[in-house]
Amino acid sequence: MSEKVLMKGNEAIAEAAIRCGCRHYFGYPITPQTEIAAYMSKRMPKIDGTFLQAESEIAAINMVYGCAATGRRAMTSSSSPGISLKAEGMSYLAGADLPALIVNVQRGGPGLGGIQPSQSDYFFMTRGPGHGDFHIIVLAPATVQEMADMTRLAFELGEKYRMPAMLLADGTMGQMMEPVVLPEDTVDPATIPATKPWATTGTEMKRAHNIVNSLYLKPDELEKTNYERFARYAKLEAEECRWEEYLMDDAEVCVVSVGITARVAKNAIVAARKEGIKVGMIRPITLFPFPKAALAKAAAKVKGFLTVELNMGQMNEDVKLAINCAKPVNMCNRVGGMIPSADEVLAAIRKEAK
Amino acid sequence: MAIVFQKPKSLTDVPYHYCPGCTHGIVHRLVAEAIDALGIEGKTIGIAPVGCSVMAYDYFKCDMIEASHGRAPAVATGVKRALPDHVVFTYQGDGDLASIGLCETVSTACRGENVTIIFINNAIYGMTGGQMAPTSLIGQVTQTSPYGRDPKTQGMPIRICELLATLDAPAYLERVAVNSVAHVRQAKKAIHKAFQNQVEGKGFSLVEVISTCPTNWGLTPEKACQFVEEKMIPFYPLGCFKDKENGK
Amino acid sequence: MAKLTFREDLCKGCGLCVTACPKKILALSKTKLNHKGHAPVECTDPAACVGCASCALMCPDCVITVER
Numbered sequence: 001m002s003e004k005v006l007m008k009g010n011e012a013i014a015e016a017a018i019r020c021g022c023r024h025y026f027g028y029p030i031t032p033q034t035e036i037a038a039y040m041s042k043r044m045p046k047i048d049g050t051f052l053q054a055e056s057e058i059a060a061i062n063m064v065y066g067c068a069a070t071g072r073r074a075m076t077s078s079s080s081p082g083i084s085l086k087a088e089g090m091s092y093l094a095g096a097d098l099p100a101l102i103v104n105v106q107r108g109g110p111g112l113g114g115i116q117p118s119q120s121d122y123f124f125m126t127r128g129p130g131h132g133d134f135h136i137i138v139l140a141p142a143t144v145q146e147m148a149d150m151t152r153l154a155f156e157l158g159e160k161y162r163m164p165a166m167l168l169a170d171g172t173m174g175q176m177m178e179p180v181v182l183p184e185d186t187v188d189p190a191t192i193p194a195t196k197p198w199a200t201t202g203t204e205m206k207r208a209h210n211i212v213n214s215l216y217l218k219p220d221e222l223e224k225t226n227y228e229r230f231a232r233y234a235k236l237e238a239e240e241c242r243w244e245e246y247l248m249d250d251a252e253v254c255v256v257s258v259g260i261t262a263r264v265a266k267n268a269i270v271a272a273r274k275e276g277i278k279v280g281m282i283r284p285i286t287l288f289p290f291p292k293a294a295l296a297k298a299a300a301k302v303k304g305f306l307t308v309e310l311n312m313g314q315m316n317e318d319v320k321l322a323i324n325c326a327k328p329v330n331m332c333n334r335v336g337g338m339i340p341s342a343d344e345v346l347a348a349i350r351k352e353a354k
Numbered sequence: 001m002a003i004v005f006q007k008p009k010s011l012t013d014v015p016y017h018y019c020p021g022c023t024h025g026i027v028h029r030l031v032a033e034a035i036d037a038l039g040i041e042g043k044t045i046g047i048a049p050v051g052c053s054v055m056a057y058d059y060f061k062c063d064m065i066e067a068s069h070g071r072a073p074a075v076a077t078g079v080k081r082a083l084p085d086h087v088v089f090t091y092q093g094d095g096d097l098a099s100i101g102l103c104e105t106v107s108t109a110c111r112g113e114n115v116t117i118i119f120i121n122n123a124i125y126g127m128t129g130g131q132m133a134p135t136s137l138i139g140q141v142t143q144t145s146p147y148g149r150d151p152k153t154q155g156m157p158i159r160i161c162e163l164l165a166t167l168d169a170p171a172y173l174e175r176v177a178v179n180s181v182a183h184v185r186q187a188k189k190a191i192h193k194a195f196q197n198q199v200e201g202k203g204f205s206l207v208e209v210i211s212t213c214p215t216n217w218g219l220t221p222e223k224a225c226q227f228v229e230e231k232m233i234p235f236y237p238l239g240c241f242k243d244k245e246n247g248k
Numbered sequence: 001m002a003k004l005t006f007r008e009d010l011c012k013g014c015g016l017c018v019t020a021c022p023k024k025i026l027a028l029s030k031t032k033l034n035h036k037g038h039a040p041v042e043c044t045d046p047a048a049c050v051g052c053a054s055c056a057l058m059c060p061d062c063v064i065t066v067e068r
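Protein chains in written order, with the numbering used here: chain A, 1 to 354; chain B, 1 to 248; chain C, 1 to 68.
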């Protein structure tokens, strides 16, 4: 097993990606995720990999598109405003069914917004980040350890389902330092493309040409690709939903939160329990697919839900949808880079328990 | 008797969707002839653009990738960094390369990326039905410059080879035309060289091909070739703008 | 001694080969249409062909094979 090291979340992603066989990183600087690019620029040249600082976020995601088409594990990273620019590329990746890793270390918006942590890209990422009918896999880490572990998961799920996959972290996750056990360096990058018979690696005059494409001018063919893709999404939802339950056995109030706010909420839950309030938490780990079944199951037992979020109530809507509005779903939120304190969350829990 | 001219081997049998007399077909053939002559079909990856040649991926037998509008050089960069020993080319029109994708074009050239770019300049957006392109001539009537391109409000046409020639990194920049037999012969040489450069690791090569769009120019194929001679070439002079290995 | 073969069904009748031919022995058919509905190119005087391949060089659709 790898040893435990102290690392920044952003750097843990970068090192984990390398240990998962990623040898191609294309990016553009933007706070608060630039450490990923900086780390890659140091490491990649030493391991025969590619670090390329692209001319824009748009170019970076399209370099990822080209590299992913050759079957390599390719990645890019950015933060909210930069992710807007990558929307076109994510749509093309999805349309061409290419797996790739995109990291979004979110900051506040809209527009240039701020540089402090946020979860305000939730809708943008989970609804399909770009034009057309599609989804990407969205994973929400809450510890530096999860930043590393989910990097591997994102590559693996992306390849299994032929989808782009995203690590959706808030700025805090990217910037905080924690002990982390990095994944074992067991993936040989050279072996990955061979598992992808669709990859454009040159015909070597041994097969018909492969075409990586998202254009279908015949409507019946385009319709078919949409249905095929959504069948994959259904399988993804059936088999890959991940979430964490905390003190839910006897809970009457269910907190729902991800990332940094889930950590704050945990402290508030501990304090509330001391006051005798039966409160627990469901922390979605996959945001697409959203763990609807876990929430629906909880809805049968609890009096109500409380989402704790760094936005104006985005995941709140998903919880309402998941439980078909069977119970009240209230919210404790801060935005713009502000983070609710444990006391603020505790106050909201007390209100819910009444 | 021996065959002295036939369809190149690296083209598929899919009939082109291009309009009668459109010179895209000639340039496709010249690209395929270069691929055949260098024996690189099995290790070539082509990038198709958005525009009239969007379906170029159906016409070449090598592996092909369809890029989003203007991003072909970035996609080519991603492929080339993954497969440095392979041959990567993009095939792009003027709207794709000189307008929406200008940033990718300049930056890829600036990096001296070892790829080959075939740039079709026919001074118009063909696929969408004949709108003004960045390369449309002064006074040229198009769907979106119905009174003729007015430099005061619509700016001046862009000369890509001259622009890129100001950069230090590109290995080879040449402008050719395909409106006559003599020009096609010269274009063939330039396109071959642009691929050979890549095989030899010389770096970024771009060939700008002055082409026709008879349909959207509202001219017969023959008159369109004359338009190239009389109107296009005087504004877009043919020739080599950069050839590093020969000190140019 | 030269021979031209036309893949007639691919011809779009653009006439670029007709203009390119130095011997002026190519013309678009006045009597038939191909399956695309175009009047395909024909050689009006095969014996006069010198096999220079100028026609094939200008053909956008790889219609013409030249033997010499």
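Check before you lean on any hint, since a few could be wrong.
Unchecked claim - Pair ranges (Cβ atoms, derived):
#1 B/A165 with C/K23: 36 to 42 Å
#2 A/L321 with B/L219: 56 to 62 Å
#3 A/T31 with B/D168: 27 to 33 Å
#4 C/D45 with A/A194: 25 to 31 Å
FYI, nobody ran anything at the bench for these hints, they're computed from the structure. The model shown is predicted, which means the values in this text are computed figures rather than measured ones. No residue lacks a Cβ here, since even glycine has one placed at the ideal position from N, Cα and C.
Problem - Unmet hints by their number, sorted upward, for this structure - result: 4
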